[in-house]
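Enquirer: Chain by chain, the residues run as shown.
There are 2 protein chains.
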Amino acid sequence: MEEVRVGIVGLGNVGSGTLAILAENAEQVALKLGFRLRVVAVCSRSVGSKAIPAALGPVFKTTDWREVVTHPEVQIVAELVGGTTVAAEILNAAIENRKSIVTANKELMASCGPEIWERAIQAGINLAMEASVCGGIPIHAVLREGISGDRVMALYGILNGTCNYILTEMEKREVPLEEMLAEAQRLGYAEADPSADIDGFDARSKLVLLAALAFGEKLTPSDIFMEGIRRITPVDFRYARQLQHTIRLICGARKIPEGVVLSVRPALIPVSTILAGVQGPYNAVWVKGKYGEDTFYYGWGAGALPTGVAVVSDLMRVAREIRSGSPERVSPFAHERLGENQPVSITLQRSAYYLRFRVDDRPGIIHKLAGILTNKNISVEAVLQEPCDNRRDLPFVITVEQTSEQSIREAVAEMARLDFMREAPLALPMETAL
Amino acid sequence: MEEVRVGIVGLGNVGSGTLAILAENAEQVALKLGFRLRVVAVCSRSVGSKAIPAALGPVFKTTDWREVVTHPEVQIVAELVGGTTVAAEILNAAIENRKSIVTANKELMASCGPEIWERAIQAGINLAMEASVCGGIPIHAVLREGISGDRVMALYGILNGTCNYILTEMEKREVPLEEMLAEAQRLGYAEADPSADIDGFDARSKLVLLAALAFGEKLTPSDIFMEGIRRITPVDFRYARQLQHTIRLICGARKIPEGVVLSVRPALIPVSTILAGVQGPYNAVWVKGKYGEDTFYYGWGAGALPTGVAVVSDLMRVAREIRSGSPERVSPFAHERLGENQPVSITLQRSAYYLRFRVDDRPGIIHKLAGILTNKNISVEAVLQEPCDNRRDLPFVITVEQTSEQSIREAVAEMARLDFMREAPLALPMETAL
Numbered sequence: 000m001e002e003v004r005v006g007i008v009g010l011g012n013v014g015s016g017t018l019a020i021l022a023e024n025a026e027q028v029a030l031k032l033g034f035r036l037r038v039v040a041v042c043s044r045s046v047g048s049k050a051i052p053a054a055l056g057p058v059f060k061t062t063d064w065r066e067v068v069t070h071p072e073v074q075i076v077a078e079l080v081g082g083t084t085v086a087a088e089i090l091n092a093a094i095e096n097r098k099s100i101v102t103a104n105k106e107l108m109a110s111c112g113p114e115i116w117e118r119a120i121q122a123g124i125n126l127a128m129e130a131s132v133c134g135g136i137p138i139h140a141v142l143r144e145g146i147s148g149d150r151v152m153a154l155y156g157i158l159n160g161t162c163n164y165i166l167t168e169m170e171k172r173e174v175p176l177e178e179m180l181a182e183a184q185r186l187g188y189a190e191a192d193p194s195a196d197i198d199g200f201d202a203r204s205k206l207v208l209l210a211a212l213a214f215g216e217k218l219t220p221s222d223i224f225m226e227g228i229r230r231i232t233p234v235d236f237r238y239a240r241q242l243q244h245t246i247r248l249i250c251g252a253r254k255i256p257e258g259v260v261l262s263v264r265p266a267l268i269p270v271s272t273i274l275a276g277v278q279g280p281y282n283a284v285w286v287k288g289k290y291g292e293d294t295f296y297y298g299w300g301a302g303a304l305p306t307g308v309a310v311v312s313d314l315m316r317v318a319r320e321i322r323s324g325s326p327e328r329v330s331p332f333a334h335e336r337l338g339e340n341q342p343v344s345i346t347l348q349r350s351a352y353y354l355r356f357r358v359d360d361r362p363g364i365i366h367k368l369a370g371i372l373t374n375k376n377i378s379v380e381a382v383l384q385e386p387c388d389n390r391r392d393l394p395f396v397i398t399v400e401q402t403s404e405q406s407i408r409e410a411v412a413e414m415a416r417l418d419f420m421r422e423a424p425l426a427l428p429m430e431t432a433l
Numbered sequence: 000m001e002e003v004r005v006g007i008v009g010l011g012n013v014g015s016g017t018l019a020i021l022a023e024n025a026e027q028v029a030l031k032l033g034f035r036l037r038v039v040a041v042c043s044r045s046v047g048s049k050a051i052p053a054a055l056g057p058v059f060k061t062t063d064w065r066e067v068v069t070h071p072e073v074q075i076v077a078e079l080v081g082g083t084t085v086a087a088e089i090l091n092a093a094i095e096n097r098k099s100i101v102t103a104n105k106e107l108m109a110s111c112g113p114e115i116w117e118r119a120i121q122a123g124i125n126l127a128m129e130a131s132v133c134g135g136i137p138i139h140a141v142l143r144e145g146i147s148g149d150r151v152m153a154l155y156g157i158l159n160g161t162c163n164y165i166l167t168e169m170e171k172r173e174v175p176l177e178e179m180l181a182e183a184q185r186l187g188y189a190e191a192d193p194s195a196d197i198d199g200f201d202a203r204s205k206l207v208l209l210a211a212l213a214f215g216e217k218l219t220p221s222d223i224f225m226e227g228i229r230r231i232t233p234v235d236f237r238y239a240r241q242l243q244h245t246i247r248l249i250c251g252a253r254k255i256p257e258g259v260v261l262s263v264r265p266a267l268i269p270v271s272t273i274l275a276g277v278q279g280p281y282n283a284v285w286v287k288g289k290y291g292e293d294t295f296y297y298g299w300g301a302g303a304l305p306t307g308v309a310v311v312s313d314l315m316r317v318a319r320e321i322r323s324g325s326p327e328r329v330s331p332f333a334h335e336r337l338g339e340n341q342p343v344s345i346t347l348q349r350s351a352y353y354l355r356f357r358v359d360d361r362p363g364i365i366h367k368l369a370g371i372l373t374n375k376n377i378s379v380e381a382v383l384q385e386p387c388d389n390r391r392d393l394p395f396v397i398t399v400e401q402t403s404e405q406s407i408r409e410a411v412a413e414m415a416r417l418d419f420m421r422e423a424p425l426a427l428p429m430e431t432a433l
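Which chain is which? The protein sequence lines are A and V, in order. Mapping of the first sequence onto numbering that gives the first Met the number 0: position 194 corresponds to residue 193, and the numbering continues sequentially without gaps. Mapping of the second sequence onto numbering that gives the first Met the number 0: position 410 corresponds to residue 409, and the numbering continues sequentially without gaps.
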């Protein structure tokens, strides 16, 4: 039986998972492909201390990635080091050496994906990046192959498992964010510096890549409005529940007449929607197509083995293409040149909103707030107030009917200046259309 | 710009949806492919009365499918007629004429898929069948590409939208099956003869195909235990809710040490699981992989446009392969020849069970039933009884801890003979492992 030969650069979490699957699942992979995948070279800064599964047979080990990329037997380089400096060098060198590439690198593909893809096409090699976003969820295969005949109108994702774990547990146990965050850190779900997760940076870089694939436009993080989950409190979940909603960090990309609106922000979603069923540290992506309407994808967003499955599946895909002599021909970023999908400002978005206030209670508060909303042409839907003993710091909620983000921002800015406000009002969109 | 040329056989629901998408989405399809897909021939028994979208340009129309299959310009034949007689002739003729094939034919691929695939490989053509199962859910792309590096350990599907609509509405509105069925027929969700849906035949033929793809074995309907939803009543939903479960028609394929157990049957599933969030006439598939663990896929299981997306995506896939000169090389049915995935009897399956009785109430009933269970070494978990005025026809429930299907069948057969039983006990597995 013939074979296609692979070099792995990076033996961290994902690299080790990839090697474990390639070793243990080798027979089934060969039956699916009709030939073997063989790992001939691996690189890690600490390659001497890494256990290489014996089932892989003899493997060349090095601490210098150049020795993998230039290895005469290697046909596919799997870049599993992450980051954007060395990784970019590895990919460039692989392209120069006419090696096909499988990458798990979200940052690099989000920032330079279109350019790297164009260079790969010119070099006549193959490139795959399923593992770069949403770990074990095969969302790239879905967008590129499974529903390629459709036209994406909206995409909603739960793309940060740490935030989703914190929010679902906060909801169940009614404990504040700080406490849940400390627990997530103890469990290893959250970093010592949690900002990348809870302020939305990680989710945003995933959305850059997913939305670029779904809408075929080159995007950058600055195209995406971002707001983290730091202001969400247990009281918000209680009010949301009264409204038959829950709260999740939603990564949204939706087509409106002016273009595509992109955001990462906490939002109220109906409890009856399948997105609300995403509990704990899972990821999910909901795609709304013009023709196929709703499809929904769910799984582990990270982890050595789920992400390893994505890398191995990509290696299989690329190996098939190599055997067919079929290099990449069209970039997955380049399908929308009809000019309809340019990113536009979040202020154009229309939505119902949940406004949560903390006030020093006194007569006339509702009257003042309603006056500001009326001046902006915003209609009040409901006013909710839980029983509360502390009249000096009273939380209550106003929901409003569909309006523009621009109007709600102007109203909130005006409200924030009122002397009875303990803090600026919290405004969350209500994704009632889901 | 060059093009790949398509012939469509069958202009029913799916065929019309396919033509509509090919006409309206032509620009985006061309941008994704780098070349155009052009429909050059269509066939329908009533082709004269069919509206062909003008945007497609000149199209040869015929009532004789042979004229499409032998049309000199046609490179891909889309077989959208359904059934197993004419459709099989069309596929055979296409293979003989070295035309690639896209098919939406569940019955034919479930019964002859492996043979057709082998013949296509020998003929050096391409074959795709995303539309043959789960309509708009790209489950074939997922299994064949997206998670191909994984090894499937279990697959659970909600594969019949009519049953799912009936069950979710029965749960919400507490009306009996007959009433919901009549409504589903009025809405066009159910046929005049509902047996294919509610007795499980439709779901079973979908599971034959899905499980064959997931486990790489040739399967037939007789390998699958089947039980429909006719015996489910609103009282079962009330009892299920007390147990924090709901009831769905679950298509299951799971690996056990002896092989793969296959079933289509109503089962209790925890309300906290994402499968329970599948409401109304949607389909869903949950795959449990050895490495990637849980992934879940959801969408419309039928419909002209969702299924049309699957056909168009397949046409794009096959067109890419044709342009690369890359015919099919390995059958998607043939990856598991390790002998581990043979279908085995349902009686080997182990599960917790829900037993619902209708009895003519008298002293000693629980004692008698518990005695039978004890004799079979089955442990009672809980006994539930709602208040009920009709002592002559009293519904109540016993749940039991994990045991074998064989043991529960023996116990139920013995219980059915007791003189206070109004009907044979209803035994449903409880899918607590989901």
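No wet-lab data here; the hints were simulated from the structure. This one's a predicted model, so the numbers in the text were calculated from it and none came from an experiment. Where hints are given, some of them may not hold.
[Claimed, not checked] In the SDA-like style, the derived pairs of lysine to any residue whose C-alpha atoms are separated by at most 25 Å in a straight line are:
| # | chain 1 | residue 1 | chain 2 | residue 2 |
| --- | --- | --- | --- | --- |
| 1 | V | 289 | V | 351 |
| 2 | A | 171 | V | 289 |
| 3 | V | 289 | A | 26 |
[As the list claims (entries may be wrong)] If you want the footprint, here are the derived chain V segments under chain A, 3+ residues with CB under 8 Å:
| # | segment |
| --- | --- |
| 4 | 23-35 |
| 5 | 295-301 |
A virtual CB, placed ideally from N, CA and C, is assigned to each residue, including glycine.
Enquirer: Against each hint, give a clear statement of whether it holds in the structure.
Expert: Going through the hints against the structure:
The straight-line distance between the Cα atoms of residue 289/V and residue 351/V is roughly 23 Å, inside the 25 Å bound, and the hint therefore holds. This hinted pair does not check out: residue 171/A and residue 289/V have alpha carbons roughly 30 Å apart, beyond 25 Å. For the hint pairing residue 289/V with residue 26/A, the CA-to-CA distance comes to about 14 Å; that is within 25 Å, so the pair holds. Here the segment 23-35 of chain V counts 8 residues with a CB under 8 Å from a CB of chain A, which clears the bar of 3, and the coverage holds.
For the segment 295-301 of chain V, the proposed coverage by chain A is satisfied: 5 residues have a C-beta within less than 8 Å of a C-beta in that chain, meeting the threshold of three.
Comparing the model with each earlier hint shows a violation of hint 2 alone; every other hint is respected.
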